[in-house]
Amino acid sequence: MSVLNQDVEIINKLGLHARAAAALVRVTNQFESDITLAKGGIAVNAKSILGMMTLAAGLGATIRVQCTGDDAEAAMVAVVECIQNRFGESE
Amino acid sequence: MTLDNQLLSTTRLIGIGVSPGYAIGRAHFVDRKRIKVPHRHLAPRDLESECQRFRQAISVSEDQIKSLKSQLKSAGDEHYLILDAHRLMLQDDMLIDGTEKLIREHKLNAEWALQKVLRSIKQVFDNIDDEYFRERRSDIDFVGERLQRNLLGKDQPTLANVAPNSIVIAQDLSPADTAQLLNSSVIGFVTEVGGRTSHTAIMARSLELPAVVAVDGLVDEVGTGDILVVDGSNGRVHVNPTPEEVRRYQKRQVAFIEERAKLEQLRQDEAVTTDGVSVNVSGNIELPEETNFVLEHGANGVGLFRTEFLYMNRSSLPTEDEQFLAYRRVIEECGPNVSTIRTVDLGGDKLADFLNVEEEDNPVMGLRAVRFCLLHPEIFRTQAKALLRASAFGPLRIMVPLISRLDEVRAVKSIFRMCREELAREGVAMAPQVPFGIMIEVPAAALIAGQLAQEVDFFSIGTNDLVQYTLAVDRGNPHVAPLYAPLHPAMLTLLTGIAEAGRRHKIDVSMCGEMGGDPLCLPVVIGLGIHNLSMNATSIPLVKAMVRSLSVSDCEALVQEIKSLSTTEAIEDCVRWRLREMLTGTACEPMLEALFDDPSMIADPLTDD
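Protein chains in written order, with the numbering used here: chain A, 1 to 91; chain B, 1001 to 1609.
Hints are computed from structural coordinates only; laboratory data are not their basis.
No residue lacks a Cβ here, since even glycine has one placed at the ideal position from N, Cα and C.
Errors might be hidden in some of the hints.
Said to hold, decoys possible - Among chain B residues calculated to face chain A with C-beta under 8 Å, some are:
{"hint": "1", "residue": "Leu1081"}
{"hint": "2", "residue": "Ile1082"}
{"hint": "3", "residue": "Leu1088"}
{"hint": "4", "residue": "Asp1093"}
{"hint": "5", "residue": "Met1094"}
{"hint": "6", "residue": "Ile1121"}
{"hint": "7", "residue": "Leu1325"}
{"hint": "8", "residue": "Trp1577"}
Produce the complete structure using the sequences and hints provided.
This is the structure in structure tokens:
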């Protein structure tokens, strides 16, 4: 059972808005681990689209991803990749 | 369309124009009566079935959204994704677990429990500083409303039966609403609430349909069947217009459509005069999101980014990081073209809610802009540092508003110098040189332009305020608004002096006020030697087209001619006459009629500096 932490920068133009959050939720829900995103000391459940929208993470924000569980490594890779691919958006 | 509405009185409503163009048609009112949420306490034996009922409503809501999505063709890409996000909200633990918890623990009926959960989620949104994210709380309202209607057995409002050439009127429009309108022949949107970044605005712009939002009193004043004129360019709605108003707007509509079609190909072309002089035409913006809009209209960059929005409608000052992101965004989107960002013009009639500034009798001439900033250096330094950091990401010019004294210039430069040194010590990347300029909008600055030019890198003439202060005319006062005249002989004298000072001391002189975007003033501006203009997006295509049809030497000759005239009327007549001559036989000739026969074609003076 591992606990992993990694900081990632939001690079898509519109930040973690509704559509991006939706893309990320589809990724996080594939894993068993608990996954949270944190910004400025506030952590939200990354399997909750509402939670992530309230994080209000815009372009350039650095968020801390934390994965806790048996598939934490796989989850972390998938989450980081999703964010770095701009959540599948073109910019 | 018969004008049997002559007996009804005309009402003029004002809002924010978020998508340009004109629409004339009948109102289709989307009435969302406020749902009355019943409050009941349940018996313990009913709790499970209530949770069941709730989950059933969720399932029905999901099906409805799925059905809407399936009706969309790929053109509804934006809609598809947002509806998908709504569907995910319906599956969200925060919503489901939160509501069921309240049902079970507090024995509330599902509607009441849901209402409480939605409120607490929205409360988090209310505390978000970023306007764009804060506007997303309306997505929660839309999803919540759908759920409540399903719980209460009420129908979802349908937009399936909208007649062609209808203008949709509503308190607010959800993505589900506009998704249904994609294949209909709706010609415009008006909502009572909303702003530039609300869903209605975004959709209207992508559909290229006129839209006005934030129209106070809309729902009370308009009913289905009312005839409306929607002026998305100026943020006006006319209810039951007079035949004369309808004719006037029909003309504007035709001109708008023709202009847009014709200028589609012209807008990307360079604005170069017939005698080979390049005129820079940039765009004015108030929000980072507008950068794309001005660029699409052919802007060579952002010539004025008003930063006040960062400080308004919020409960705390914007942090350096927040500001840095906004500036960087504009600079990057604009690159490799130049962005000119103006430091905050706070105070006056744009007071931020939380700053405890004493009420002033005459705020416009009071503690605002650079004066305010020099008295609150900690606020100014935050902005300065954010700007300097952003300068690493593309070409940036910084400018300061309301300068009236040389010592102000020196004090500001000193603050920037100190901020630069601090950032350099921390190893923060910045552009090695960031041109520093000032707005010339106070007559005093215009009169000492020679001295100011020696200590700054550029001027930007804020004609709106400069004309008001020089002629002592309040544009917003209908009794004297006609006296507001950029072509008054005194203005020509001042502008000549400013341009002269720029030439003598070899600094760039640009113009960011409306005068640069006014077709009837353009030849004079060019003739005075001001070849760097910034204006709102919708003026850009016409100005670029005109530049390509004019010659600098003709414009200079015109300026010489009007210098010998002593009245505003004589000057305006002369300019009109010569401009007509200059444009005849050029690509702009078709626009002559619109320009000269209809004085109402000239931009509405009731817009901010």
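Self-check item: B:Leu1088 as an interface hint toward chain A, with CB separation required under 8 Å
Solution: holds, 4 Å
Quiz prompt | Hint check: 8 Å Cβ-Cβ cutoff, B:Ile1121 to chain A | solution = holds, 6 Å
Practice problem: Under 8 Å, Cβ to Cβ, is where B:Leu1081 needs to be relative to chain A, so tell me if that hint holds or is violated. | Solution: OK, holds: B:Leu1081 within 8 Å of chain A, min 4 Å.
Quiz item: Holds or violated: is there a CB of chain A closer than 8 Å to the CB of B:Ile1082?
Solution: At 6 Å from the nearest chain A Cβ, B:Ile1082 passes the 8 Å test, so the hint holds.
Quiz prompt | Supplied contact hint for B:Asp1093, tested at 8 Å Cβ to chain A | solution = holds, 5 Å
Quiz item: Given B:Trp1577 was flagged as interface, is its beta-carbon under 8 Å from a beta-carbon of chain A?
Solution: violated, 48 Å
Quiz item: Should the hint that B:Met1094 touches chain A count as held when the rule is a Cβ pair under 8 Å?
Solution: holds, 5 Å
Quiz prompt | Interface hint compliance - B:Leu1325 to chain A, C-beta minimum distance less than 8 Å | solution = Result: holds, 4 Å to nearest chain A Cβ.
In this structure, the one hint that does not hold is number 8.
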